[in-house]
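*Asks:* Sequence:
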Amino acid sequence: MPHLTRVGGPLSATGADRLGLGVPGYAHPLLAPVEWAELLRPGMPVHWAVLNVADGPGARPDPHCLEAAGRLRNAGVRVLGHLDLAHGARPFGDTAAEAQRYADWYRVDGYLLDRCPSDRARLADVRRVAATLETVLDRADGCHLVLGHGTHPDPGYAEVADQLVTFRGRWADYRWSQAAEWTADLPPERFVHLVHGVPRTHLEEAVRIARWQGAGTVFFTDRTPADGLGPAGPAVLSAPPGGEPGQNRPFEALPGYWDEIVSRIGPGVSE
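Per the working numbering, the very first residue in the sequence shown carries number 253; after that it's consecutive.
Just so you know, these hints were derived from the structure itself, not from any lab. Note that the Cβ used here is the ideal one computed from N, Cα and C, for glycine as well. There's no promise every hint is true.
[To be verified] Beta-carbon label-pair distances, calculated as ranges: (1) Val286 <-> Thr476: 15 to 21 Å; (2) Ala306 <-> Thr403: 25 to 31 Å; (3) Arg293 <-> Glu457: 24 to 30 Å; (4) Ala373 <-> Glu512: 39 to 45 Å; (5) His316 <-> Arg460: 19 to 25 Å; (6) Pro285 <-> Gly328: 17 to 23 Å.
Go ahead and model the full structure; you've got the sequences and the hints to work with.
*Replies:* Right under this line is the structure:
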C-alpha cells in the first residue's frame, strides 16, 4: 500500500524524531475558536488534527469547518477526517461514502479510523477499508491513516496504517500501562497515545511514559469525560449511535496546561 513507503519519514515540520501532538478532534470551530487558532501558532509541534464535523463529515459542507481545515493545511498541519468503525460493526459502504465526502468537501490528508477493531479476525476487513481510503484520496503524497484502537491490537495491524493508537483512556490506567513487546521492533512515529485526566503535577511523568513506551505522537489533557464546553457542549458532543458517551469530550478543548505541554514536547511557544 502506498502509505507504507512513507513510514519513517517526517510527520510534521518538527520531524519524526521529536515527540509531537495528535489532536483527536476539537469541538466545532464555533464552539472552540481558541482551540483551532492555537494550532496555527508558529512552531507548534502538531503532527495532525482530526476534523469531526458531526460524528463524521455531516450531511453537507460546513463553511466554518472548511475554513478551519484550509487554515491548518496552509500552516502545514495534516487534517484527518474522522471515521467511526464501531468496532467493526459499521457497514463498509457507509464508511466509504463518508470518506469520499471528507475528500470532496474538506480535502483531508487522511483519516482517523476511530473505534477500530483490534483482533486478528477483523484484520482483513480493516485492510479492505484502508485500501479503499487510499483510492478515495488518490494523492501523490499518500493517505495518512491512523487506526484508533485505543489498545494494543494484533501485530498485523501495523502493516495496514501509518500509525496505531495503542492507548486511549485515563491517566490512572496509563501510568501503570505497558507496551506490547512487538512494538519495540517499530519506530516511535508509528504509535499514538491519547490520555485524559492527567494532573499538571504528573505531566512530566506522562511524557516520560510515552517516551519509554515508544510513542511518537501524543495528546495529554487534564480534562475528563465529565467536562464539556458549557451549556451547548453535551448536546453537540454526543456519541455516535452505539458509541461510548463522551469518549472524545476530554479532547475537545485545550488542556489547562496547554503552553506547558507545548514547551515540553516542542521547540517552544511563540508569543
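*Asks:* Hint by hint, note whether the structure agrees.
*Replies:* Tested hints:
Range check, Val286 to Thr476: about 20 Å between beta-carbon atoms, so the 15 to 21 Å window is met. Judged by the Cβ atoms, the range 25 to 31 Å given for Ala306 and Thr403 holds: they are separated by roughly 27 Å. Under the hint 24 to 30 Å, the C-beta atoms of Arg293 and Glu457, about 26 Å apart, fit the expected range. At about 42 Å, the CB distance of Ala373 to Glu512 agrees with the hint of 39 to 45 Å.
Taken as a hint, the range 19 to 25 Å is violated for the pair His316 and Arg460, whose Cβ atoms sit roughly 38 Å apart. Taken as a hint, the range 17 to 23 Å holds for the pair Pro285 and Gly328, whose Cβ atoms sit roughly 20 Å apart.
Figure legend: structure checked against the earlier numbered hints; the only hint not met is number 5.
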